[in-house]
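Enquirer: Given the coordinates of chain A, work out where chains B, C and D should sit on it, guided by the hints.
Now for the letters of each chain:
There are 4 protein chains.
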Amino acid sequence: MTKKKSNTNNYQIPKTMKAWVLGGPHEMKLVEKKVPEPGQSEVLVKVGAIAVCHTDIEVLHHGHPAMIEGKIPFNKDFTMGHEYMGTVVKTGENVDEWQPGDRIAVEVHAGCGRCAKCREGMYTSCHNYSYRSKGHRANGFTTDGGFAEYAINNINTLVAVPDHLSDEVATLTVTAGTAMYGLDVLGGLVAGQSIAVAGGGPIGLMFIALAKALGAAPVIISEPRPDRREMAKHLGADFLIDPLAEDPVEKVRDLTKGKGVDFSVEASGVPIVVNQILHMTNRGGKVCLAAFANGLTPTDLAYVVSNNIYMFGIRGEGNSAVRRAASLLEQKRFDPSPLHTHTFPLEEADKAVSYAENQTDGAIKVVVKMN
Amino acid sequence: MTKKKSNTNNYQIPKTMKAWVLGGPHEMKLVEKKVPEPGQSEVLVKVGAIAVCHTDIEVLHHGHPAMIEGKIPFNKDFTMGHEYMGTVVKTGENVDEWQPGDRIAVEVHAGCGRCAKCREGMYTSCHNYSYRSKGHRANGFTTDGGFAEYAINNINTLVAVPDHLSDEVATLTVTAGTAMYGLDVLGGLVAGQSIAVAGGGPIGLMFIALAKALGAAPVIISEPRPDRREMAKHLGADFLIDPLAEDPVEKVRDLTKGKGVDFSVEASGVPIVVNQILHMTNRGGKVCLAAFANGLTPTDLAYVVSNNIYMFGIRGEGNSAVRRAASLLEQKRFDPSPLHTHTFPLEEADKAVSYAENQTDGAIKVVVKMN
Amino acid sequence: MTKKKSNTNNYQIPKTMKAWVLGGPHEMKLVEKKVPEPGQSEVLVKVGAIAVCHTDIEVLHHGHPAMIEGKIPFNKDFTMGHEYMGTVVKTGENVDEWQPGDRIAVEVHAGCGRCAKCREGMYTSCHNYSYRSKGHRANGFTTDGGFAEYAINNINTLVAVPDHLSDEVATLTVTAGTAMYGLDVLGGLVAGQSIAVAGGGPIGLMFIALAKALGAAPVIISEPRPDRREMAKHLGADFLIDPLAEDPVEKVRDLTKGKGVDFSVEASGVPIVVNQILHMTNRGGKVCLAAFANGLTPTDLAYVVSNNIYMFGIRGEGNSAVRRAASLLEQKRFDPSPLHTHTFPLEEADKAVSYAENQTDGAIKVVVKMN
Amino acid sequence: MTKKKSNTNNYQIPKTMKAWVLGGPHEMKLVEKKVPEPGQSEVLVKVGAIAVCHTDIEVLHHGHPAMIEGKIPFNKDFTMGHEYMGTVVKTGENVDEWQPGDRIAVEVHAGCGRCAKCREGMYTSCHNYSYRSKGHRANGFTTDGGFAEYAINNINTLVAVPDHLSDEVATLTVTAGTAMYGLDVLGGLVAGQSIAVAGGGPIGLMFIALAKALGAAPVIISEPRPDRREMAKHLGADFLIDPLAEDPVEKVRDLTKGKGVDFSVEASGVPIVVNQILHMTNRGGKVCLAAFANGLTPTDLAYVVSNNIYMFGIRGEGNSAVRRAASLLEQKRFDPSPLHTHTFPLEEADKAVSYAENQTDGAIKVVVKMN
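In the order they appear, the protein sequences are chains A, B, C and D. According to the working numbering, the stretch in the first sequence is residues 114 to 484, in order. According to the working numbering, the stretch in the second sequence is residues 114 to 484, in order. According to the working numbering, the stretch in the third sequence is residues 114 to 484, in order. According to the working numbering, the stretch in the fourth sequence is residues 114 to 484, in order.
Don't read these hints as lab results, they were simulated from the structure. Remember, predicted model here, so these are calculated numbers, not experimental data. Some hints could be false.
A pair holds if it fits inside one copy or across any two, identical chains being indistinguishable in the list.
Unchecked claim - Below, a list of computed lysine-lysine pairs in the DSSO-like style, where the Cα atoms sit at most 30 angstroms apart:
1. Lys364 to Lys184
2. Lys128 to Lys464
3. Lys346 to Lys189
4. Lys372 to Lys147
5. Lys364 to Lys482
6. Lys445 to Lys370
7. Lys146 to Lys189
8. Lys159 to Lys464
9. Lys142 to Lys364
10. Lys159 to Lys142
11. Lys147 to Lys118
12. Lys146 to Lys118
13. Lys445 to Lys189
14. Lys128 to Lys364
15. Lys146 to Lys464
16. Lys118 to Lys370
17. Lys346 to Lys370
18. Lys147 to Lys445
19. Lys189 to Lys118
20. Lys372 to Lys184
21. Lys370 to Lys482
22. Lys364 to Lys159
23. Lys184 to Lys142
24. Lys346 to Lys445
25. Lys482 to Lys142
26. Lys482 to Lys445
Chain A with its partners taken away, still in its complex shape (with noise of 0.2 angstroms):
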């Protein structure tokens, strides 16, 4: 067997870049930074657009996990950034799964492929999380990420990204796909059962779509803005509640006669949302839990306890759900888009992020696209 030589095709790949960095705590800055080279299951990619998460504006403020946990020191060259698509322009030795021009999106996290965890398939999970000299990768968490004119990805997290979808939403591929996963975690078999989804974020928009897609029925959310419970509505939500002029939980009993539903998604990170969420949950139901906040929450286990109630935490995708998702969207069986409020180019990048924080203008997802 010859060895496949890496491939650039005939794309140009300068030895710098324009790359986001971190500076101080609250700091990002625009820098030039080299082209990384991809190594064995690597390709490298020309990011197209990359969306801003809640998750980079903790990255920000506090560094990546594995700075804060102190595995790692606070890295000022470090680029952020995980919701992002682009082009394969040049594939790592032996690699030929992809070639140079593919369109990709691409899921946040490489395992390391020898702890148990990943053995197991469960590459979210990884004990060598932060361990880039064991293998592992986390796009913007622990190795660098898309806000940047180049990142390098393990061919792992790669998918195909079809014509008919734009830049700016294909960036929201691997939210699709986490929504995806928590599906998954549920069950999956979400056709004809009900489900109620609290907080119309990102996250739980996406639950909402995905869960309409797979026919699941009734779709409810619990959300108190108005403009997010429309969004749901678009989305395919068959039931808004808005929880600050009606009590939720009584609500999805009355539309569920009584029983609550057969799954619940947990994805406002509010502490006094565990519980409701909790008590919409039909006996021997499953709560998917998407977003938490800080500290401790005060939950009701004996309500848990007593109704057979499962409870699943989800970081990030997993599963391959990613590519699952990728697929809903080339059937287009869902329309992501109107998640997409605002676009800026590179160099604004800061202000990107300004926006998607402070939710200016009725940002959802901010999306920074490259030129």
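Expert: Relative to chain A, chains B, C and D alone:
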């Protein structure tokens, strides 16, 4: 197909029997009561022995759940008790699966068989819980239980008791089945996996015994009472932690190369222990909630989310786990007999309950043995 | 709790009804028969329409399974038919889940609720199959079915029919549910996964429709009849293979980058097709066997072993899949109406069966519609 | 993070080693070969002992699978053998999970870590099987194996060997892991469930031992050779069937009240046995296919369909089952030592293979022990 008549062989069934019934709240009275008739799918059991469970004490003080929820009026003729064993003495019509003379122990729940949950095998999550007219039975909770000379059981709740088990020890079968069910919902593949249990009550100790019998390693208990830790050791715990003397989270981390255990069980019902159990658990690990405190428990859900933890509330047994636990008892894979500490005659059932409630004289499992 | 009496509202129930019954082998006769009474957990259904299934034809020629096995004598008063819909006209005692007037379709199997299989939710694998006295019912197999004006059903077999479905099309609900169940046992997560179905009979076509509705991609059918391939295309097949014109295994490999499909379904009952289906399947893939030839089928088990293939035999529906399929029908996620090709009145049910058996005039689903 | 250098501690690693390699078909030759270097994620193992597996004999006569499929030319320098144990003597760069001096046994498969199957944890179904350049390794199948003084292993294939196991018996760890994996795919909840195994070769016997260790009851073997039946009894079989003396299906039915076993294992590779195994299996039961005959096997698929049987083909180990089996060995839950019947030095590996192939002198597991 000819109809099979009910069958008593040579058992003489009296018209009335001694039975303890609820009086006012906190009061149980010994009365003379009609011996019930087994119907379709049912048998009459002559109770041999019955153990006091913590939930019996709750029923004594507050009524059973359906009474509390007002679905059923507080019932002064109601007989509580669910951890019993005995002998089939009469079969209902068309019952040939069991014969008069069979020595049996019982599961608590006979689902209604007609709601969606029962149809899907989740009979402890029955939507017709409390509705006897719809076929649901829960011994000693919604239908008369075992603090009496005779009791009715649906045949789907019966499991055979081997000769080598005493009546007293055989009452522990359902407790063992509950722990078995907890291991089921944790995924069942506990062999060679690490497990920690918090709380050395009967359920916690049974988790220790079953996990050990099924090959878990290491098996760890955290429990402040020295005698209970010793009991856990006897039942198979590899490591004993006194949470008042050392930090149980740190200790578990030490024992598992920093990773935490694959599976953990909250069996203490103490609010502060919930977060200990969570923090003891490996990334991607699973937690069984088998006990609970009333009210809201401050819970580190951020840890649950960022570590992909799954939490499974269980209400008693399920999934035929009692039958499989009984098989392990028959095979002598574990010996629960030390859990049985005290015995009283039926006439002193009130004293038995008091011993159990107050843990008088180191009581763990207090058994009422018929004559 | 007061006992709820059975309820007919204003429906006038006659004493007798027209019903087709088995005569000698190969013979069905229209007779006048007593209208049955609904018991505990049961309702009386006024049949609206019933489709002919291939298994009806087997019953007509050979008797139903329990007759063949000799458990039950060949029964000349027996009414066959299981793919029916209609209206609840009378409820049994204590039934309030459904009301006279409800428009419903039916699952075939009501498990006994007392054997180990039913208790664990596998009601189509009931150990008391054929034993009516123990509570088991299988419409048109072990208990009287729907080629009659009225039929009894356990309430756990009822699913609601939406207004927009015609009586004729609503008879296909249980067929859809069988395909849904097949996808369940294949793991359910078919969105974005590839699937191939061999055989364009009603079951195979329903697999195509459901797989497409749930987001599978690509969806492939192998079927020699051009009209059935066209039907498959209409229902959602992305690729049509004529196995007489091209090698279906090679073609599927071409369509899947050489890997084979993630899921495959054998719905032809043709022995030679079994190995085609196996060889179409990806390493680690899953195969649903939804049809069969009698006798021994030469099978490439070496391929099964060396490629980690899992094969799942299914006998009809299960796991509440009929209810979930009905929900997708209600949501108009797929349109099975083209499967319905012919209609006859009850008096011509024998002609309907003949059309279905001989595929006269391109018959796929032949329906008997009551007046 | 500083890079950790590879580490040999004080082990002296020679430049060359003795190794058996394939000659022409049916020929194995002892040669002097270069000692390989461990790379990223790898260690060098000094082989302590290696057992002959039936598949080694296939490789000897036909080449390994990738050679046969022509993906790789027949390789005369290739060293076969996968059931080995030994000592880590050198670690690759950045490997700190294992240290020189660690006593280990090995899993066969290191997946590529980049294909969809490996990413989902199904590393024995790797899409890059045979492609060493993409990271895949299968000891003795696609990469050099253990009939040599030294071998390379990915660290994700290593499991610790306890002190109390001899080198010879420790070679059986991977065989035990394969049986463990088979029980995993059958659902894992074997405690208190019935199981039948057909075939008393090493794999079949290990299924007996593991099923017993995990609490299955009853455990039944069908095997024509009396000495193998005795071995099965020693390892935990409750019932022994000689299929030449009695009908094994009828016998199993007798032992299970007519129902058949919950789980069954085909470990004989004899075509006629497949249907015996199917017919022994309970409605709704599960069958593991762990061996196979080449060619087509006449199979009663009608039984599979009408009884809801699931059939699981397994190719070796998976799901970290080898590690969990090793834990049971460490806990002395079963004793595989009687399976080891003969020992030869490395220089007589050809003789060892011949003994295993011809079952000379009652050979079951023939081990080559290094000096």
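Enquirer: Enumerate the violated hints, using their earlier numbering and listing them in ascending order.
Expert: Failing hints, ascending: 3, 4, 5, 9, 13, 14, 18, 21 and 22.
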